[in-house]
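Student: The primary structure of each chain is shown beneath.
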Amino acid sequence: MKIGILAYQGSFEEHALQTKRAMGTGDIVPVKTPKDMGQLDGIIIPGGESTTIGMLASKLGIIDEIREQILSGLPVLGTCAGAIFLAKEASDSKVKKQQELLKVMDIAAVRNYYGRQRESFEAEVDLSEIGEEKARVVFIRSPAITKVWGNSKSLSKLNGVTIMAQEGGMIATTFHPELSNTLAVHKYFLSLVKK
Amino acid sequence: MRLYELTFAEVEDYFYKLAEVRDSLKDQGLLTELPELRSNLKIAEGTTMVKHAFPIFQKGGVVMDVTNVKQAEIAEDGGAVSVMVLDKLPYDVRKVGGVARMADPKIIEEVMSSITIPVMAKVRIGHFYEAKVLEALDVDMIDESEVLTPADEVHHINKWLFKVPFVNGARSLAEALRRISEGASMIRTKGEPGTGNVSEAVRHMKLINSELRSLASMSEEDRNMKAREYQVSYQLLELVAKLGRLPIVNFAAGGIATPADAALMMWLGSDGLFVGSGIFKSEDPEVRARAIVMAASAWEYPEVVLEAQKMISEQKTMMGIDIKSLPPEQLLQVRDT
Numbered sequence: 001m002k003i004g005i006l007a008y009q010g011s012f013e014e015h016a017l018q019t020k021r022a023m024g025t026g027d028i029v030p031v032k033t034p035k036d037m038g039q040l041d042g043i044i045i046p047g048g049e050s051t052t053i054g055m056l057a058s059k060l061g062i063i064d065e066i067r068e069q070i071l072s073g074l075p076v077l078g079t080c081a082g083a084i085f086l087a088k089e090a091s092d093s094k095v096k097k098q099q100e101l102l103k104v105m106d107i108a109a110v111r112n113y114y115g116r117q118r119e120s121f122e123a124e125v126d127l128s129e130i131g132e133e134k135a136r137v138v139f140i141r142s143p144a145i146t147k148v149w150g151n152s153k154s155l156s157k158l159n160g161v162t163i164m165a166q167e168g169g170m171i172a173t174t175f176h177p178e179l180s181n182t183l184a185v186h187k188y189f190l191s192l193v194k195k
Numbered sequence: 196m197r198l199y200e201l202t203f204a205e206v207e208d209y210f211y212k213l214a215e216v217r218d219s220l221k222d223q224g225l226l227t228e229l230p231e232l233r234s235n236l237k238i239a240e241g242t243t244m245v246k247h248a249f250p251i252f253q254k255g256g257v258v259m260d261v262t263n264v265k266q267a268e269i270a271e272d273g274g275a276v277s278v279m280v281l282d283k284l285p286y287d288v289r290k291v292g293g294v295a296r297m298a299d300p301k302i303i304e305e306v307m308s309s310i311t312i313p314v315m316a317k318v319r320i321g322h323f324y325e326a327k328v329l330e331a332l333d334v335d336m337i338d339e340s341e342v343l344t345p346a347d348e349v350h351h352i353n354k355w356l357f358k359v360p361f362v363n364g365a366r367s368l369a370e371a372l373r374r375i376s377e378g379a380s381m382i383r384t385k386g387e388p389g390t391g392n393v394s395e396a397v398r399h400m401k402l403i404n405s406e407l408r409s410l411a412s413m414s415e416e417d418r419n420m421k422a423r424e425y426q427v428s429y430q431l432l433e434l435v436a437k438l439g440r441l442p443i444v445n446f447a448a449g450g451i452a453t454p455a456d457a458a459l460m461m462w463l464g465s466d467g468l469f470v471g472s473g474i475f476k477s478e479d480p481e482v483r484a485r486a487i488v489m490a491a492s493a494w495e496y497p498e499v500v501l502e503a504q505k506m507i508s509e510q511k512t513m514m515g516i517d518i519k520s521l522p523p524e525q526l527l528q529v530r531d532t
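For the protein sequence lines, the chains are G and Z, in the order given. Under my numbering, residues 1 to 195 are what the first sequence spells out, in order. Under my numbering, residues 196 to 532 are what the second sequence spells out, in order.
Mixed in with the good hints there might be a few duds.
Cut-off 25 Å, straight-line C-alpha distance, at most; resulting in silico cross-link-like pairs (DSS-like, lysine-lysine) [claimed, not checked]: (1) K505(Z) / K35(G); (2) K134(G) / K212(Z); (3) K134(G) / K237(Z); (4) K35(G) / K20(G); (5) K511(Z) / K212(Z); (6) K221(Z) / K358(Z); (7) K134(G) / K20(G); (8) K283(Z) / K476(Z); (9) K20(G) / K437(Z); (10) K88(G) / K157(G); (11) K59(G) / K265(Z); (12) K20(G) / K194(G); (13) K134(G) / K147(G); (14) K237(Z) / K212(Z); (15) K327(Z) / K301(Z); (16) K511(Z) / K290(Z); (17) K505(Z) / K59(G); (18) K283(Z) / K519(Z); (19) K301(Z) / K59(G); (20) K134(G) / K187(G); (21) K157(G) / K237(Z); (22) K283(Z) / K511(Z); (23) K88(G) / K103(G); (24) K2(G) / K134(G).
Please keep in mind that the hints were generated in silico from the structure rather than gathered at the bench.
Using the sequences provided together with the hints, build the complete structure.
Tutor: Pasting the structure below:
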């Protein structure tokens, strides 16, 4: 199994270590240019600044390649900025801004939904839909998934707001499983890769 | 991409154990000034883990110094991961002299409402109340910086008391670990700010790397001595030795002016970069911002760094100062230890 991690910026090293622990044997490769996209079985889009990641992905000519492969069935896990990247609709809670995004998943994401860093938080979340009771995770200047339609479904909610959603092989989370003690999200993603 | 021995959550377990020790001391009526650091509430803001997590999402990126909204917008469009709002760029602080203080809160507020990326601002070393003002303003991170004139010649701010994370400068492993013990959530090498000369940043990064390596190969006994020399807890040194790096995010700063400078600092092991005067003291800030961002995040690909270096022109790079020509009293990096 070969999992690529979009490694420009953000929590890419944390995702690599967490994926390695969740999968046992297999390869994890950083993805930065189109030639890194060959023969991947799955791809992870980490948390970071979505404006930065979008600018680099389009400047280095990889954004169309990723979109095409995801549309033809490549499983993808997007966390925080990664979720914004996947969403068909994305907006900021305050500032209007045009961004380079993939727009592949039937969800709407609102950036910086909970506020700035001072309002960032840790919380216990319910992951029973993917086989783990509870996990303590962090939300950092996190977005919210405000709408889920079509083939997308909500997998977990915190105080009524969707924090994890799935559409086929695409998973979006607004929290950070890569910074937590649980491997449940990564294991669930890898189970979709194997299918 | 680097893989380490411990995950973020495992490193945080260590900090939480320290927090538990503090909490039990508090139960005995000691350390009364400290807040509860480990919370069992369902949802908790401003905990150690939340503060240490913020810089993780800056990794691989470039934080740019700006002095107004226009520069902040250029920085965001150029792909900056954050902006640092200052009253004057470090180069001008050096030129003008006098007392350098935190930026005007009205300007910081304007910047915060016009861009979507995080906004940081600098406070004077030890100036607890400038930091309280910025926390009330809701900036995303506070830089307790030697670029401004220190307000306390002896102490740094007790950063455990804040909900907003702090970044501090360091020239050596001992300085970095002392700042972490005071509650810093991120470290940057100091370099020599406002010079356009990367040599001091290189010196500090290499020194920290070599101290990390020697720590890892040391006997327990020697490490115990080192902890006393560094004035930090033995447990923190154990964690660092096991990890082979600082337990929190470490950026490079001070004198970075070109894409090749950026790639050099990343190659030396920085998690990301602060660029101060290098962008807005050049004559081509729009393209230079973008070029430095490209070089920082794709530094392992010399062909990408070449492309970035071609985007800028050496004629337009800030002139720079030879650090040997600066008299010792003009060095900013020695203002705190």
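Student: Next step is simple, just say for each hint if it's right about the structure.
Tutor: Consistency of the hints with the structure:
1. K505(Z) / K35(G): holds, 22 Å
2. K134(G) / K212(Z): holds, 21 Å
3. K134(G) / K237(Z): holds, 12 Å
4. K35(G) / K20(G): OK: K35(G) and K20(G) at ~22 Å, within 25 Å.
5. K511(Z) / K212(Z): It is violated: about 51 Å lies between the C-alpha atoms, which goes past 25 Å.
6. K221(Z) / K358(Z): OK: K221(Z) and K358(Z) at ~19 Å, within 25 Å.
7. K134(G) / K20(G): Between K134(G) and K20(G) the Cα gap is close to 22 Å, so the pair holds against 25 Å.
8. K283(Z) / K476(Z): Status holds; Cα separation ~11 Å.
9. K20(G) / K437(Z): Answer holds: K20(G) to K437(Z) is near 19 Å, not above 25 Å.
10. K88(G) / K157(G): holds, 20 Å
11. K59(G) / K265(Z): holds, 23 Å
12. K20(G) / K194(G): holds, 15 Å
13. K134(G) / K147(G): With Cα atoms ~24 Å apart, K134(G) and K147(G) stay inside 25 Å; holds.
14. K237(Z) / K212(Z): Roughly 19 Å separates the two Cα atoms, so the pair holds.
15. K327(Z) / K301(Z): Cα-Cα ~15 Å, so holds.
16. K511(Z) / K290(Z): holds, 20 Å
17. K505(Z) / K59(G): Holds - the C-alpha atoms of K59(G) and K505(Z) are around 15 Å apart, at most 25 Å.
18. K283(Z) / K519(Z): Judged against 25 Å, a Cα distance of about 24 Å means the pair holds.
19. K301(Z) / K59(G): It is violated: about 34 Å lies between the C-alpha atoms, which goes past 25 Å.
20. K134(G) / K187(G): Between K134(G) and K187(G) the Cα gap is close to 15 Å, so the pair holds against 25 Å.
21. K157(G) / K237(Z): Status holds; Cα separation ~14 Å.
22. K283(Z) / K511(Z): It holds: about 20 Å lies between the C-alpha atoms, which stays within 25 Å.
23. K88(G) / K103(G): It holds: about 4 Å lies between the C-alpha atoms, which stays within 25 Å.
24. K2(G) / K134(G): violated, 29 Å
The structure shown violates the earlier hints numbered 5, 19, 24.
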